[in-house]
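Trainee: Protein chains in written order, with our numbering: chain A, 1181 to 1671; chain B, 1181 to 1671.
A few of these clues could be false.
Put simply, identical chains are the same to the list, so a pair is met inside one copy or across any two.
[As the list claims (entries may be wrong)] With a straight-line cut-off of 30 Å between C-alpha atoms, the simulated DSS-like cross-links for lysine-lysine are:
#1 K1227 x K1476
#2 K1293 x K1267
#3 K1313 x K1278
#4 K1524 x K1469
#5 K1648 x K1430
Keep in mind that the hints were calculated from the coordinates and are not lab data.
Read off the chains here:
Protein chains: 2
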Amino acid sequence: MSKGLPSRAEDYSAWYNELVKRADLAENSAVRGCMVIKPYGYSIWEKMQGALDQMFKDTGHSNAYFPLFIPKSYLSREADHVEGFAKECAVVTHYRLKASDNGSGLVVDPEAKLEEELIVRPTSETVIWNTYKNWIQSYRDLPILVNQWANVVRWEMRTRLFLRTAEFLWQEGHTAHATRMEAIEETQKMLKVYATFAEKFMAVPVLQGVKTESEKFAGAVDTYCIEALMQDGKALQAGTSHFLGQNFAKAFDVKFATKEGGLDLVWGTSWGVSTRLVGGLIMAHSDDKGLVLPPKLAPIQVVIIPIVRDKDQYALINEKVNSIIEKMRFHGISVHYDNRDTHKPGWKFAEYELKGVPLRLAIGPRDLENNTMEIARRDTLTKETVSMDNIEMLVKNLLEEIQDSIYQKALNFREENTSEVESYDEFKKVLKDKGGFVKAHWDGTAETEERIKKETKATIRCILLDEKEEQGKCIYSGKPSNKKVVFAKAY
Amino acid sequence: MSKGLPSRAEDYSAWYNELVKRADLAENSAVRGCMVIKPYGYSIWEKMQGALDQMFKDTGHSNAYFPLFIPKSYLSREADHVEGFAKECAVVTHYRLKASDNGSGLVVDPEAKLEEELIVRPTSETVIWNTYKNWIQSYRDLPILVNQWANVVRWEMRTRLFLRTAEFLWQEGHTAHATRMEAIEETQKMLKVYATFAEKFMAVPVLQGVKTESEKFAGAVDTYCIEALMQDGKALQAGTSHFLGQNFAKAFDVKFATKEGGLDLVWGTSWGVSTRLVGGLIMAHSDDKGLVLPPKLAPIQVVIIPIVRDKDQYALINEKVNSIIEKMRFHGISVHYDNRDTHKPGWKFAEYELKGVPLRLAIGPRDLENNTMEIARRDTLTKETVSMDNIEMLVKNLLEEIQDSIYQKALNFREENTSEVESYDEFKKVLKDKGGFVKAHWDGTAETEERIKKETKATIRCILLDEKEEQGKCIYSGKPSNKKVVFAKAY
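Next comes chain A alone, as it looks inside the complex (with noise of 0.2 Å):
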């Protein structure tokens, strides 16, 4: 129970670490770096999945598949994007085991050696432009707008649940386009998708930019970003959108004839979200007692929890409570009646409270009495005695109101936590006593952005699309900037 989870101020990476362990979220397996996400956290991921889907449907994208392995000579291919991913990839060299000469287990079959190595997928871009060019000869065969569902590898040194993973699952956006505008149109449009799942159904507020060119996707010509802020003032990458240019139509060939004759390199985007999320949900709202979930990711949106000393008096709160969930169900509310006998009222309360249930309802024979029932929100932690009539219109609105709440608490705290400066100084003191987004003007050299990381551990998260222009001086070189920047430690 929520007993011994540590205070966030005391240690917010123990409190993390705990606090995904104790909700059932997930946990490290026995493969290094590989998750097993654990049905709790699943159901999570699975409410981010339906929303998600719906969106990319409503924008025109349908579902497909490719495959986990990716010939080894592909990668090569495009010459940013090997640069990026063969450092950290899972290498299949063989299709074959035996049993060992010794008997003392199972060794590689060397006679089932592979003539080329296969990749275990990092990201699809260039299975997925191979395919792209036999589906596409004329302008009549664009757009594609197509998006997969898949895990991923890239075998990353250091791991945490859900935030940095070997293996993670995402979904990624590939489309494919006859003009540079309108695929510059879908890197935004998908970015604006991104935002809105963010704002509306995490209440995380995002920040919404580009990426500079050191930190943009290996083998995209602009990356843009969703960025939040954690509790802790680490901003967290939410999503990006690439705007890949021709460079994978060039790598792969992939050309079209056009509407007037001529033949050209088709333009592409890439864009895509993963389990990463579900981290970024945890560290956003939850408090020392546990999870805080806005209703519209909470697998279980209400709890109806009896409080009784004898068994003759569950027959009663049964039959009151049964007809209250059938109102709330048909309402859609997502409500769990837990009225096991093998765990006390109390255990259950902190048991929902840890696992971050946005509404909790008590009953007991008084309340049945009185016709009341006690309600408790997880967010704020308050407690109120209300009517059982109408108790389903109550909690409908209540549910949204802890949706709004949740999400304004959480921009409050960006906008305190966003600073402005002009000077190094001023910089560094800000990063060293709170924290958080701070805007400051820069150079636009990688030169720069790479000392003040390697000086702050602070990095450029991103320029923002809506950032006004202002002259101005770069904080660390002096030289002239025209806008200022947001930087960030960062997860």
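Fit chain B to the known structure of chain A by using the hints.
Mentor: Same frame as chain A, now just chain B:
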């Protein structure tokens, strides 16, 4: 278009391959044995997933996710299991690539060799039971009812789109129980779920039975299966549900404290269906003009095609059609209006016939005058002209009728192609002339089973759950047998 689709009678295998490609369901990828599932094919799989997932949840299961990789040594822990799966698996031996010394590309970095090789999961019993060991201490932790949607890899030498591919998508349920009886009940319950899904959603009648020792899952005590009959008279194993006994609990030392204070090994089950079902769906119903899809799994249930000469007519027809679409959607019908002016009606008719859309509505200027539409059934290829009034109700009823009718047709086909034989000569003759399911007495030995397989290519598909006891003699050995079993040539 469907022009040139080989007929089933002519070359069933070529018909299947061509149909899968031309209907945009799937194609071979550049990676040997791995397919690309195209958007239209994937949307059928999504429909299957949706229905199955709901059925799993309704029977108390939750989804979770376990690692893609399995340490090599895990495979050896269960003696039968290793025999079944070590021979055909993808082996990860390294975790990094580097530029080759001669600059010609990427090579595997010999410095990055794994201490223990990792196998890309062919199925997840080992990694899951190794996890369950930590989840299960007492009877209070049981049952565990978990399912996973995932990709798996088996290095098949001869592959066919959907039916047998090196990588495929599937779901694998893995449950843990306190008693033998409860585990057997679970195994049988999930078999029923699969049978219900096959018959109600896929409109494919299935036999329910138990596999012989030679055909059962490597590591199971008993394998239950559903078996469907394809139009070429060959059987397709469509789903399996395994009673694992305590085999994996033994291999991974998974014990629990019983209510009575003892310590027992846990009982297990596993069960799965895969993208192979898409192949089965195609082969069960489709005809020489293309796909025939049951309405419950059709991505598009109704297509509406306007037949107009000049553009002025479009506006009137669009208006009328849009009001009809709205009513259909209200009734949960998935409808697509194809009013592209880049393709002629005849082209569209052939296209949606090929794609197996269950109902086609066509509307021209005269229909508009008469308040009528032409409605065509894909399954029977019949057409009639009907009033537009309440056409949504007509469509709704017709979709149900088509679903039933397709099932009934498949059931009749199976009944006509199920034979009972009393001698080996008769057995061989039926197999040769007619194919289908052949019921015959068998002496229960693996030796006889193997010989029959060698001589006729027919395998024992299952021993029917409801097969009546009947004294007889094995058609091959003449030894006594107390019930007939079902033979067939199979995919």
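Trainee: Run every hint past the structure and note whether it holds.
Mentor: For each hint, the structure was consulted:
1. K1227 x K1476: both (8 Å within a copy, 24 Å between copies)
2. K1293 x K1267: both (22 Å within a copy, 13 Å between copies)
3. K1313 x K1278: between (39 Å within a copy, 27 Å between copies)
4. K1524 x K1469: within (18 Å within a copy, 64 Å between copies)
5. K1648 x K1430: Answer is neither; intra-copy 35 Å and inter-copy 66 Å both fail.
The structure fails hint 5 only (numbered hints given earlier).
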